[in-house]
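Protein chains in written order, with this note's numbering: chain A, 245 to 725; chain B, 245 to 725; chain C, 245 to 725.
Warning: the hint list may mix true and false statements.
Put simply, identical chains are the same to the list, so a pair is met inside one copy or across any two.
[Unchecked claim] As a list, the in silico BS3-like pairs of lysine-lysine whose alpha-carbon atoms are at most 30 angstroms apart:
hint	residue 1	residue 2
1	Lys525	Lys669
2	Lys460	Lys525
3	Lys621	Lys369
4	Lys525	Lys252
These are computed hints drawn from the structure, not numbers from a lab.
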Amino acid sequence: MDYFSRQKNTNIRLTLPVVCFVWQIAMIILFGVFIRYDEESDTHWVETKAHENITSDIENDFYFRYPSFQDVHVMIFVGFGFLMTFLKRYSFGAVGFNFLIASFGLQWALLMQGWFHSLDPHTGKIYIGVESLINADFCVAGCLIAYGAVLGKVSPVQLLVMTLFGITLFAVEEYIILNLLHARDAGGSMVIHTFGGYYGLAITWVLYRPNLHQSKRMQGSVYHSDAFAMIGTLFLWMFWPSFNSAITDHGDGQHRAAINTYLCLASTVLTTVAISSLSQKTGKLDMVHIQNSTLAGGVALGTAAEFMISPYGALIVGFFCGIISTMGYIFISPFLEKTLKIQDTCGIHNLHAMPGVIGGIVGAITAAAASESVYGKQGLINTFDFTGDFKDRSVLTQGGYQAAGMCVSIVFGVVGGAIVGSILKLPIWGDPADENCFDDEVYWEVREPESIPPILEYNNHMIHKQQDLSESNFSVEHCES
Amino acid sequence: MDYFSRQKNTNIRLTLPVVCFVWQIAMIILFGVFIRYDEESDTHWVETKAHENITSDIENDFYFRYPSFQDVHVMIFVGFGFLMTFLKRYSFGAVGFNFLIASFGLQWALLMQGWFHSLDPHTGKIYIGVESLINADFCVAGCLIAYGAVLGKVSPVQLLVMTLFGITLFAVEEYIILNLLHARDAGGSMVIHTFGGYYGLAITWVLYRPNLHQSKRMQGSVYHSDAFAMIGTLFLWMFWPSFNSAITDHGDGQHRAAINTYLCLASTVLTTVAISSLSQKTGKLDMVHIQNSTLAGGVALGTAAEFMISPYGALIVGFFCGIISTMGYIFISPFLEKTLKIQDTCGIHNLHAMPGVIGGIVGAITAAAASESVYGKQGLINTFDFTGDFKDRSVLTQGGYQAAGMCVSIVFGVVGGAIVGSILKLPIWGDPADENCFDDEVYWEVREPESIPPILEYNNHMIHKQQDLSESNFSVEHCES
Amino acid sequence: MDYFSRQKNTNIRLTLPVVCFVWQIAMIILFGVFIRYDEESDTHWVETKAHENITSDIENDFYFRYPSFQDVHVMIFVGFGFLMTFLKRYSFGAVGFNFLIASFGLQWALLMQGWFHSLDPHTGKIYIGVESLINADFCVAGCLIAYGAVLGKVSPVQLLVMTLFGITLFAVEEYIILNLLHARDAGGSMVIHTFGGYYGLAITWVLYRPNLHQSKRMQGSVYHSDAFAMIGTLFLWMFWPSFNSAITDHGDGQHRAAINTYLCLASTVLTTVAISSLSQKTGKLDMVHIQNSTLAGGVALGTAAEFMISPYGALIVGFFCGIISTMGYIFISPFLEKTLKIQDTCGIHNLHAMPGVIGGIVGAITAAAASESVYGKQGLINTFDFTGDFKDRSVLTQGGYQAAGMCVSIVFGVVGGAIVGSILKLPIWGDPADENCFDDEVYWEVREPESIPPILEYNNHMIHKQQDLSESNFSVEHCES
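Taking the hints into account, I'd like the entire structure generated from these sequences.
Have a look at this one:
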């Protein structure tokens, strides 16, 4: 242990349990005060049904959204969790801390989003149903994206703090973008990915570690860790149509969003492979690109998935996202690290921030280009929710507000991240020394002495045999001398 | 091979194929005699629809329950299977035997549950639909829980015998609890987890191996096996809302059960992490706790998930379950092993038995505390199914019957397990010697000689090079002598 | 590097990017010309609903089929992808190339199937919805099956070419079988599995490598690669009920197909285990059988899943498929390789081709044996779609056409595969040398030098220590001489 590691105290035996207990108790109290079942998940639904002439139980929102919810849930816990297991020795931290912060985050998100979006002014209560759960998972996604930037370099306590503030900022920017600006963003290109991306990048910029090269030996992947990461990639990729369609309009809205995302992601895979192959002398593929850039199309279609972007439009978005994201890994990430001092472990800039901005732009353009001839009169109203205060808004104006929304998400990400990063810089959170980054041993019991598989024991056996030989030689020499 | 292993004959080339063939043929015959499609999966449904004025195909029960069924199915095969892969050298046995006994068990469960719950007295047939499949999977879950206690210490033939009796006992106790006592237990805290937990513990108690320490070197995890186990943990955790809501009432019943379970499990994660961190000198986390105790909340909400326990109530249940289950791994499991001679490989006492009992108690209290003001008149009737013979039952009485149900499940588990354990003790089942436990080589072709990955071949190469060196030295010495 | 490997140029830096870019651009153009949203995914659906008196959004086909679609999607990408990761050093190729060709294939399938099945003669457009996506995934499955035969022996460019022609052939044979012959094949025993199986076998027969034994050291599995493959097996096994029911009739059709497949697969597991155990001296199980043959029941019920085969009928089909498929791995695969020069890496003959043919026969017999007393008058018409031109067809005739359909799929597979194999034999596709087969290093950046996990570094450390010893000996000897 050298100077730097002695300085750092990674003992979190006090802070981690205290934070977990206190925050969880706070959640229970706040849920007790504020959160109730909505009318579709309450036993009084039988009365609501009679009152509203609903003839069948199947019209409960549960049956419209629960399958999509479960897919999103898998993306949050298995998708994000396993995607980050690519490091050779940080699988526990990747999956385990992802599990921890998502579990806290979704509770806090139900409260924050509830206060901003669905607080009943008469009762002072927040009523939750399956759509609330999806939105909570979405909110958590923003923070998990940010985790990708600091993966391996922070303590679980820092992650919880980052999540607390991240969810809070998310709920505010979401309120501004979706409610005040009345922008559409069903799959969250702006609200989730752009915000989450810049939030994470700003934090890792503040937490810059000049001596991170000291843990360089831990910073790559091994064969099996890359295979584990593909579990994450594929579950994200496969379920992204559910992500982008989970909270869109019933019927054609969900249907169309799923189709668009399905097509867009397929297109992304081909261009990712093409650029990855081009980047190597002999055309070999790089797992980093396949694991990450293949997902960029889903990010970039987050805003426009429910629009009439048309199938070939979805393919075009995917086409360019695969190229740009892979180029990002090849050219931009090294530049960010060297010049701007942004150490981005998972390359969230290329997978979330940049494609998120593209998604915002695509959404603004597609909205501005919408026409009654394509959408139909009622279709246009439904898709852009031109009702109530917004019933006279034109599609061009809508395009402008979409663009404004994207700027809001960037500002919230950068400014919020910088502030939260400064808080995380305080020397009280138990973060690892530069030379111990990317190593599970810091925060996890790793049982390695017992972990020698038989095949290695065989090696050891041979080594010992040889040692005997060598030692016998030695003794011979001694005899001779 | 020493004395102990010579004593044991693990050759199952006769018994395993015979059991598989005979039992499968028996299943075919019994299915031929008894099992038919129910009216919603029969081609005559078109007539039923007309007769019952059902206007849309979407009202077929398939669309209410199939997504949940698939989630449960994943929990049974991937969830339980991979959760048990944590041992360094028992992944094949964990996933493979889990696969085998679940596949047999679900067939036998369709028959046993059919005879007890849905035998048509006029036709003498059992009519199955998607809900029957879910119930069969549930029934299998009880036996897979029991497998966790004896993991690595029994032969596949023993597991099949254990499953045969386990399913049989399950169907009987389920009939007593759900039909005779008319207790509610949609997610099976009592029927599945308490029964399965004690069934497994009683079996492993009877099968106590005093010399199990001889295979201690195989009894831990390695880095990658812990990562595999997290696949199981996460799929169980994510899909538990589907498990607890799969057979609850259409509409608000399924909706509410999913929300409650979602919240409860999130809360469990935080307290599990807190206690796990507290248990180590430097606050490090233990994968055993993260893999298992994070799931205890889902177990404990099995009975009450469909009740109006309210969101903060679900959080409170999860809060305490995380604490108790993790404490169980730290304090109770060693006590059980040393004092009571219960060797519980996966710690099912802490994950299923104890949280199952908590779930039964929570269910009894919540039922007894139910009121018309909270549930609504019709809501109360629907939730507790106060119809037919039970239409005058009070909620207090219901609470009493819930508690009685829990006792029934414990008794069936303990007594049934003790008897089945005695049967499994017969020296005819091909179980492994004490020193060969937790080792896949006993029942699986493991191709290790060929399995040296390139990196190891490099090591070997160096070893051989050195051997040459050593040998040349040797010859020199010989020359000298 | 010896003579053979010098001959082969595996540099794909030109061909792979060019193929990806050109084909993806072609897709965009063709989608622009031909593909539009269908009426249920278009914003005009609100008008369609009003026009057709549809009262609820839930009657959109999306809600009937989307959960099944997502399950099928998981089978295609995780199921097929991970099933092929069993090789010790080909996980990247298995999952990665599977990902690539499926992503291209589904786009091309939407076009090909659209032209053949749903081109609107008035508008010249193809209208797609969720059922189109399922059919595209099905079409891709045929090509992924074929990939199993040539796994590890071809370049990604060859795979893309194989997929291009495979999808094309698939769409034609599907049109002949389903539309012209009016055979029923909801789960694709004939259309997908028989065609895909023989297509792959014919290709690998043409591409026979007499010196494949030179890469024998790479041709087995290692412990963890077998565990990864079980992820693929289980997701295929669990979701197969969704596969076989995904495009069957709404209501009882989907319900019955799911039940039949669920039962059939359970039965297959038991007989697979039985035969696997019988095949070894001490009754040990072989992971190859468990990974593959347990799935044969799903293949064989592809045609008959929607028929009234009755629950015990499904069990019987599974019973024999487990036996036959496992026997195939034990006896037929070695025979095919030695005598017929068919090198079938994954044994697709035993998992797809043979069970597919069984499925076709089972379908023909079950169709011919259908009766109005079992199906009901309307049920018979609905199940076999005896409407329009086919309204007077008898069940016996239908049985005959089913059998004819199976022959068509075999012919298309064998002839098509032989032709495509000849194209793939051209020396321009960058395939690996015989001694470099089954090795990811050929097409992937594998970061092995950095991948030594700590435990191995310890070994290396010991080796170096010994080297010092040996060298010191050496110097002593030199001194002596």
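Next on the checklist: Of the numbered hints stated earlier in the document, which are not met by this structure?
Outcome noted: none
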